[in-house]
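Sequential numbering from 1 applies to the sequence shown in the UniProt record's numbering.
A few of these clues could be false.
Stated by the list, open to error - Computed beta-carbon distance windows for the label pairs:
hint, residue 1, residue 2, range
1, Ala25, Gly83, 37 to 45 Å
2, Ala119, Thr30, 32 to 40 Å
3, Ala86, His55, 26 to 34 Å
4, Asn122, Lys6, 28 to 36 Å
5, Ser105, Gly56, 31 to 39 Å
6, Asn122, His55, 31 to 39 Å
7, Ala97, Asp28, 38 to 46 Å
Hints were generated in silico from the structure; no laboratory data involved.
Every residue, glycine too, gets a C-beta built ideally from N, C-alpha and C.
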Amino acid sequence: MNHYLKLDSYVFDGNATRSVTCELAVGDATVSFARPFVQIATHLAVTPIVEADDHGIRFRLDAWCAMNFGHAGPITILPLTIGNQAVAVAVAREFDADPTIAWTSPAADVLAWCQRWVARQNGGDQR
Numbered sequence: 001m002n003h004y005l006k007l008d009s010y011v012f013d014g015n016a017t018r019s020v021t022c023e024l025a026v027g028d029a030t031v032s033f034a035r036p037f038v039q040i041a042t043h044l045a046v047t048p049i050v051e052a053d054d055h056g057i058r059f060r061l062d063a064w065c066a067m068n069f070g071h072a073g074p075i076t077i078l079p080l081t082i083g084n085q086a087v088a089v090a091v092a093r094e095f096d097a098d099p100t101i102a103w104t105s106p107a108a109d110v111l112a113w114c115q116r117w118v119a120r121q122n123g124g125d126q127r
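Build the full structure now, drawing on both the sequences and the hints.
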């Protein structure tokens, strides 16, 4: 075995057990489940992209996103799909540390932050 990846679906924060519920349509049914994630800080995680079709649900380990699971606001998943788990971790930490944005910012501001991040990665520094 070369690699090991543990996807949790809950975390104990010292006071209570917390999980992130996800609902997806699969055919004619709505499926509700605890979304798997890798916790990287008290309130930060990265989670694989979850996709549904008419036959089932797929957890994509080649596509990740950053998630805040309720610290100082609601559960927020950045609208940015990253093809590498380590880079998704870096994005989560960078977003969390940026004093110009917050997990509770309006969706348009969060999207603009993500677009600027992508532009910087592509060589166009658009701070």
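Violations among the numbered hints, reported as their numbers in ascending order: As far as the earlier hints go, only 1 is violated by this structure.
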